[in-house]
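Protein chains in written order, with this note's numbering: chain F, 1 to 278; chain G, 1 to 301.
Incorrect hints may appear among the rest.
Which bits of chain G does chain F cover? Going by a derived footprint, with three or more residues having C-beta under 8 Å, they are [as the list claims (entries may be wrong)]:
1. 2–8
2. 35–45
3. 68–77
4. 268–281
Note that these hints are calculated values from the structure, not bench results.
No experiment lies behind these values; they were computed from the predicted model shown.
Beta carbons are placed, not taken as given, at the ideal position from N, Cα and C, and that holds for glycine.
Each chain is listed here by its residues.
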Amino acid sequence: MSSLSGPDVLSADERAAIEALVFPLADDEFVLAERYTEWQVRAPTLESDLALANVAQDELGHARLWYDVVADLGYDEPELLFERDPDAFYHASLCALPFETGDWADAVVRSYLYDTAEGLRLDSLAGSAYAPIANRIERITTEEEYHREHAATWIKRLCVDSEGRQTVQNAVDRLYPYALALFEPGEPTQTDVIESLGLRTESLPSLRGQWIQTTSTFFDSIDVSVPVVELPQGLPEDPGRHDPHVAAWLSLYDDFTRTYRELDRAHTPTITSEHNDG
Amino acid sequence: MELQECKARAGPREFGPHDDLPREYREAATRMIQFHANSEIMGAYLERPFIRQSPSLDRKLAFSAKVQDEIGHGQLLYRAAESLGVKTREEMLDELANGEGKFLNCFHYPMTEWWETPMIAFFVDGAAMRRQATIKRTSWEPYAHAMDKICFEEGFHIKHGEHIMRELATGSRREQQLLQEAFEEWWPRILQFFGPTDDESTHHDFAAEVGLKTMSNDELRQAFLNAYLPKATEYGLEIPDEPRIREEDGRYVVEEDDLDWEEFWAVANNDYAGSHEQIDARASAHDAVAWVRATISGETA
Numbered sequence: 001m002s003s004l005s006g007p008d009v010l011s012a013d014e015r016a017a018i019e020a021l022v023f024p025l026a027d028d029e030f031v032l033a034e035r036y037t038e039w040q041v042r043a044p045t046l047e048s049d050l051a052l053a054n055v056a057q058d059e060l061g062h063a064r065l066w067y068d069v070v071a072d073l074g075y076d077e078p079e080l081l082f083e084r085d086p087d088a089f090y091h092a093s094l095c096a097l098p099f100e101t102g103d104w105a106d107a108v109v110r111s112y113l114y115d116t117a118e119g120l121r122l123d124s125l126a127g128s129a130y131a132p133i134a135n136r137i138e139r140i141t142t143e144e145e146y147h148r149e150h151a152a153t154w155i156k157r158l159c160v161d162s163e164g165r166q167t168v169q170n171a172v173d174r175l176y177p178y179a180l181a182l183f184e185p186g187e188p189t190q191t192d193v194i195e196s197l198g199l200r201t202e203s204l205p206s207l208r209g210q211w212i213q214t215t216s217t218f219f220d221s222i223d224v225s226v227p228v229v230e231l232p233q234g235l236p237e238d239p240g241r242h243d244p245h246v247a248a249w250l251s252l253y254d255d256f257t258r259t260y261r262e263l264d265r266a267h268t269p270t271i272t273s274e275h276n277d278g
Numbered sequence: 001m002e003l004q005e006c007k008a009r010a011g012p013r014e015f016g017p018h019d020d021l022p023r024e025y026r027e028a029a030t031r032m033i034q035f036h037a038n039s040e041i042m043g044a045y046l047e048r049p050f051i052r053q054s055p056s057l058d059r060k061l062a063f064s065a066k067v068q069d070e071i072g073h074g075q076l077l078y079r080a081a082e083s084l085g086v087k088t089r090e091e092m093l094d095e096l097a098n099g100e101g102k103f104l105n106c107f108h109y110p111m112t113e114w115w116e117t118p119m120i121a122f123f124v125d126g127a128a129m130r131r132q133a134t135i136k137r138t139s140w141e142p143y144a145h146a147m148d149k150i151c152f153e154e155g156f157h158i159k160h161g162e163h164i165m166r167e168l169a170t171g172s173r174r175e176q177q178l179l180q181e182a183f184e185e186w187w188p189r190i191l192q193f194f195g196p197t198d199d200e201s202t203h204h205d206f207a208a209e210v211g212l213k214t215m216s217n218d219e220l221r222q223a224f225l226n227a228y229l230p231k232a233t234e235y236g237l238e239i240p241d242e243p244r245i246r247e248e249d250g251r252y253v254v255e256e257d258d259l260d261w262e263e264f265w266a267v268a269n270n271d272y273a274g275s276h277e278q279i280d281a282r283a284s285a286h287d288a289v290a291w292v293r294a295t296i297s298g299e300t301a
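Start from the sequences, fold in the hints, and give me the full structure.
Here it is in structure tokens:
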């Protein structure tokens, strides 16, 4: 396999393909982390509060690892996060969906669905032709496996009685179609290039097939049914990437960029001047 | 153990779960540690919106970690309180939710703007650090032990708060102005952090006699003032005219009568407008996941 060692050796086409591959990875992690942090100081017990905060911070760390890959192509953090248009984000809407207050089943089911998908996605990148992608896989995989175990354990705990199982079932019914959209490409026109360059070594439909298999087996084993979704027509109307119309995402975006906007940081780059009176 | 013996033996880390301590001691220690644990939770609650509102990824990670640390401190402290055998953790968390649980004055006030965050993360945490350092010598060993870890982590929090403050203090003129306004609003509350003046402190004498407390509120307040007033001016902050601060023998002394003690006592009794807001919001979050606690309650630990 040809090897793309780093940002300096890339053609314009290769850069575009790498961006199309990495932005969804980074944005999924970032936006999901934002949702996890909403559980801080609101989780059912102090122990679960601490555990979910760990997961949130891991995901933020992964987001940073992926953003660094695109940063090396010539972006800075404000451009990647705080100044990017909300409709230029590539996260799947699963990550941004709001949840009802107290819906802990949502937190653990979403985590299980996402982390299972993430595990498969990472496997398909371990042999990536672009070295900065392949290099990151091992560290992220270890943490995602822990997250998946944590989520699976919680799902089983909630399934001890019929009421608990029902909340899990409701969350699965609601989230499953959105989770299927994790396997939609960020930029469909780049899919062929991504695969022919060997940036990813497996196709998205194949990963989705494995994901359906794994998640169905798990939920069957605990008597939770998985909705049958016909593809692609069964996907939600705003299933995936590149949809600026989800109000929840816009409100989240508004909140996380608020301080940045209010401080007018765009005009006072703190890295270049410590004392800037504007 | 008789109360008299307890007072005679009182010293740093003198008592632990194996001692048969008088009820008065166990109740006083529970009140003090529960207050401390509640404060960790309510402080975390106040700061949690700033995880989302952080203006950089690094700050976001630091805020998330800080909030997580505070919950961890709460967990440690509830355990130290529980080991006195007076109340269970569940009881203490329920009291916090239903408005009976008391906590630090500063966490009763709303905090909505980024430039307010150093008021907690630098000044209040700095104040907490000073008090907590003295608690390393408290007589209830599990409390002192919890303090070893808490003080260690608190050191990072203060650095994080100071870093945000430095960024604002050396930022645009507008940022400096906003920081000054936040400081003026928070400064009197920060000075009240250490509690009522010694002559009004109902629990101090007993707590001191049995070694739970090693310094009085006023001693701590003055020590904090002398350490932090210079830090504030170093960052270009102007000290408000009220409360008046005078110099005596090279030491700063705050005119305690200038502080609003009426408001302080309303806060202390959970009866301030902000108290209701913070307590109720936290309570509804706590209640919303009661179903999860009920679901897993059958599990053996």
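How the hints compare with the structure:
With a threshold of 8 Å between beta carbons, the proposed coverage of the region 2–8 of chain G by chain F is violated, since 0 of its residues qualify and at least three are required. Requiring three or more residues with a Cβ within less than 8 Å of a Cβ of chain F, the coverage given for the region 35–45 of chain G holds, as 3 such residues are present. With 5 residues having a Cβ less than 8 Å from any Cβ of chain F, the region 68–77 of chain G passes the three-residue criterion, so the hint holds. Given as covered by chain F, the region 268–281 of chain G fails the check, having 0 residues with a CB less than 8 Å from a CB of that chain where 3 are the minimum.
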